[in-house]
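Just so you know, the protein sequences line up as chains V and L, in that order. Each residue of the first sequence is one higher than the one before, counting from 1 in the UniProt record's numbering. Each residue of the second sequence is one higher than the one before, counting from 1 in the UniProt record's numbering.
Think of the hints as simulated: they come from the structure by calculation, not from any bench. Even glycine gets a Cβ: it sits at the ideal position worked out from N, Cα and C. One or more of the hints may lead you astray.
Just a sample of chain L residues kept apart from chain V, beta carbon distances all over 12 Å, derived [claimed, not checked]:
id, residue
1, Lys29
2, Asn62
3, Ser159
4, Asp183
5, Met204
6, Val234
7, Leu238
8, Ile242
9, Pro270
10, Gly298
11, Thr305
12, Ile338
13, Ser345
14, Leu378
15, Gly396
Simulated crosslink set (SDA-like; lysine to any residue; CA at most 20 Å straight-line) [unchecked claim]:
id, chain 1, residue 1, chain 2, residue 2
16, V, Lys131, L, Ser256
17, V, Lys153, L, Val365
18, V, Lys153, L, Thr305
19, L, Lys399, L, Thr377
20, L, Lys344, V, Tyr156
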Amino acid sequence: MDAIILQILNGLDKGSAYALIALGLTLIFGTLGVVNFAHGALFMLGAFCAVTFSSLLSFGFVPEDAGSTSVGGFSFGALQRETPYVVHWFGENAGNAIIDWAVPLSILFAIPVMIAIGVIMERGLIKHFYKRPHADQILVTFGLAIVLQEVIKYFYGANPIPTPAPDAFVGSFDFGAMLGFDPGSIVYPYWRLVYFFFAAIIIAAVFAFLQFTTFGMVVRAGMADRETVTLLGIDIDKRFTIMFGLAAAVAGLAGVMYTPINSPNYHMGMDFLVLSFVVVVVGGMGSLPGAVLAGFLLGIIEAFASMTEVLDVLPGINQIVIYLVAIIVLLTRPRGLMGRKGVMEE
Amino acid sequence: MTDQTQQTATVTQPRPRTRSSGGILGLTKKDFGLLVLVAILTIFAPVILNPFPAGSAMAQFNAGYPDLMQRFVIFGIFAIGFNILFGLTGYLSFGHAAFLGVGSYAGIWSMKLLTLNVIPAILVSVIVAGLFSLIVGFISLRRSGIYFSILTLAFAMMSYALAYSVLTPITGGETGLQLRASDPRIFGGELMPGMTPRATLFGMQMQDSTDLRFGAWTFTLNTGYYIAGIVLLVAFYLSIRIFRSPFGMMLRAVKSNQNRLNYTGLSPKPYTLAAFVISGMYAGLAGGLLVAMDTQVGAERMFWTASGEVVLMTILGGAGTLIGPILGAGFIKYFENIVSTINKSTLESWFAFMPDGLQDAFVAVIYPFVGKGWHLTLGLLFMLVVIFLPGGLVQGGSKLATVFRRDRKGGGVEDDAAAQRQAREE
Numbered sequence: 001m002d003a004i005i006l007q008i009l010n011g012l013d014k015g016s017a018y019a020l021i022a023l024g025l026t027l028i029f030g031t032l033g034v035v036n037f038a039h040g041a042l043f044m045l046g047a048f049c050a051v052t053f054s055s056l057l058s059f060g061f062v063p064e065d066a067g068s069t070s071v072g073g074f075s076f077g078a079l080q081r082e083t084p085y086v087v088h089w090f091g092e093n094a095g096n097a098i099i100d101w102a103v104p105l106s107i108l109f110a111i112p113v114m115i116a117i118g119v120i121m122e123r124g125l126i127k128h129f130y131k132r133p134h135a136d137q138i139l140v141t142f143g144l145a146i147v148l149q150e151v152i153k154y155f156y157g158a159n160p161i162p163t164p165a166p167d168a169f170v171g172s173f174d175f176g177a178m179l180g181f182d183p184g185s186i187v188y189p190y191w192r193l194v195y196f197f198f199a200a201i202i203i204a205a206v207f208a209f210l211q212f213t214t215f216g217m218v219v220r221a222g223m224a225d226r227e228t229v230t231l232l233g234i235d236i237d238k239r240f241t242i243m244f245g246l247a248a249a250v251a252g253l254a255g256v257m258y259t260p261i262n263s264p265n266y267h268m269g270m271d272f273l274v275l276s277f278v279v280v281v282v283g284g285m286g287s288l289p290g291a292v293l294a295g296f297l298l299g300i301i302e303a304f305a306s307m308t309e310v311l312d313v314l315p316g317i318n319q320i321v322i323y324l325v326a327i328i329v330l331l332t333r334p335r336g337l338m339g340r341k342g343v344m345e346e
Numbered sequence: 001m002t003d004q005t006q007q008t009a010t011v012t013q014p015r016p017r018t019r020s021s022g023g024i025l026g027l028t029k030k031d032f033g034l035l036v037l038v039a040i041l042t043i044f045a046p047v048i049l050n051p052f053p054a055g056s057a058m059a060q061f062n063a064g065y066p067d068l069m070q071r072f073v074i075f076g077i078f079a080i081g082f083n084i085l086f087g088l089t090g091y092l093s094f095g096h097a098a099f100l101g102v103g104s105y106a107g108i109w110s111m112k113l114l115t116l117n118v119i120p121a122i123l124v125s126v127i128v129a130g131l132f133s134l135i136v137g138f139i140s141l142r143r144s145g146i147y148f149s150i151l152t153l154a155f156a157m158m159s160y161a162l163a164y165s166v167l168t169p170i171t172g173g174e175t176g177l178q179l180r181a182s183d184p185r186i187f188g189g190e191l192m193p194g195m196t197p198r199a200t201l202f203g204m205q206m207q208d209s210t211d212l213r214f215g216a217w218t219f220t221l222n223t224g225y226y227i228a229g230i231v232l233l234v235a236f237y238l239s240i241r242i243f244r245s246p247f248g249m250m251l252r253a254v255k256s257n258q259n260r261l262n263y264t265g266l267s268p269k270p271y272t273l274a275a276f277v278i279s280g281m282y283a284g285l286a287g288g289l290l291v292a293m294d295t296q297v298g299a300e301r302m303f304w305t306a307s308g309e310v311v312l313m314t315i316l317g318g319a320g321t322l323i324g325p326i327l328g329a330g331f332i333k334y335f336e337n338i339v340s341t342i343n344k345s346t347l348e349s350w351f352a353f354m355p356d357g358l359q360d361a362f363v364a365v366i367y368p369f370v371g372k373g374w375h376l377t378l379g380l381l382f383m384l385v386v387i388f389l390p391g392g393l394v395q396g397g398s399k400l401a402t403v404f405r406r407d408r409k410g411g412g413v414e415d416d417a418a419a420q421r422q423a424r425e426e
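Sequences and hints are given; from them, build the entire structure.
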């Protein structure tokens, strides 16, 4: 029992990332009808927003008066300690706290940056591909993904960059003790718990935005029947562009918060992209709840497949289980778990 | 109704122009010319690709060394096969590298267990890749459009993940497979310990080269290259025949309108599956040749970027055209090899004639795109081709040609294919 709960929990954090990326992919597909292979790259860009923001925060100067000793005209650099500007401005305690909380604070930095990137991408490139075949859309966004990835590699190098979570969230939570099992049987890192709740909030926010605001209502109407909405005199293109920006922001935020779980590297987007597409297809192309459901489901299935008991029977199953599930789903329920009729059916 | 039947009639009945009406080798004059052109290019490639004297400053742009030329030819075959599926039926497979990889593994096992002769190795590669693509195709082709792309991608990623982990006894995992003297070969296995096993063809070794010297120029004629070249010509000839056959016409019908095909009472499934298996066998052939040339194989050959690369080769050359994939493969492989060897000092020497500040600026701007930044250039190229030249180099060439000779109507199959592709976009 405790092992099952542990695996479900283990599946949640990866599942959250899949769900967030798949949600963005589905939003873009549902609104603009574009298959965006660069969405994984947006996830990666979000993670590097966190990296950039952290390094901006710890950017500092060397105080001239303190700490430098010079012996016979030689100054010893090692003795000079850089003081981050943040510490200088906000004082010792508040400044260090800000640096410690760099990853959550990056959210504030990432939202405008990612929306801007999304809007530029849509206006600059994707716009010209609405009427082209899906194959062309796949290919051009695939090229864009390679370019974004290589640009990041050029500026940040090929190695993963560790970005730690705030000290308050370092360590693990002992679910076992709480639920009445042996203490230590279900141990779960705090940050993964944070990530799951964060993902749940974002997903709820996106759904609430689409469901309860006028803007969201118009967008949903546009998804259902673009032509009629246009005839009503609504500039649906502009709203869809904003939705693209939002989808980019969702992917970016997923990336920002994922950095303490896995140190970001330039190819993390590609690693997630292929799986996210599988998630979208399993969930049903164009279905937002389907994408979220399939994201968590596949994350949990993957976690179960990684159990040593399972691996003893079927070695290597953890590497391929998602693809197997996708193949089975596509062959038995071609529209995916919650796919609507008439979406992407030629 | 009458309108419908008339239109379907044009789909199912091959137009007279495209029917293979005797001719040389069963090809029309134009197609035969294309075949001869490819043959001449293949035969004289060691000379054509080495236009600069060895040791001169421009020598780094020479591409006439055996390893690279073999790659031109082998990836040309790979792209020709991919084009039979993508160019004719429009099904975009994102997992073709898996067939290349499976073919490679099959080939190297044939050389490990059977004989060092490359012919059985290549045959085994083709057969195993064909069987594998039959399974993958049977499942993937139940869906079309983007679902098909993702299914093939899923199969390729699965093969890659398995080759890296569970199947390590068969695939060698991360280290891959190499030929060893200790391999239990049935025929001709009696190698002295310490001798390196080499791929042969009835005594001819793949690595054997003859250097021809003309003054400052050196041309390397390599056995392996010419064997691969002969295979390319055969593969190209077969692809022309497929393009011009009623079967090829059916594949085009699948691309242009599947519904109409269904209404006429024809199922597209056997045709697309056949095209899929044929292109899988081409990929296996390429994989077998790769093993025959460098006698080693690793799982990275099956990674999905490798699948993306063959898509790019086909699109860059011109999907649905005959010669396009070969051009695309040559172009990509040439630039990959040349661009990735340019380093900072090379750049500095190029711009040495400029004033210092300007030189640094030029070097700083170009440097990210060369050397290790080759993938950046590749990605940009990918985007530029898809955006501006969806018909590929062939379309670009025919556009240029029509600009230069306005008076003559630019007919021909290549223009047709480009026009079709454009028409599909509208």
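Checking each numbered hint in turn, tell me which of them this model violates, lowest number first.
3, 11, 14, 19
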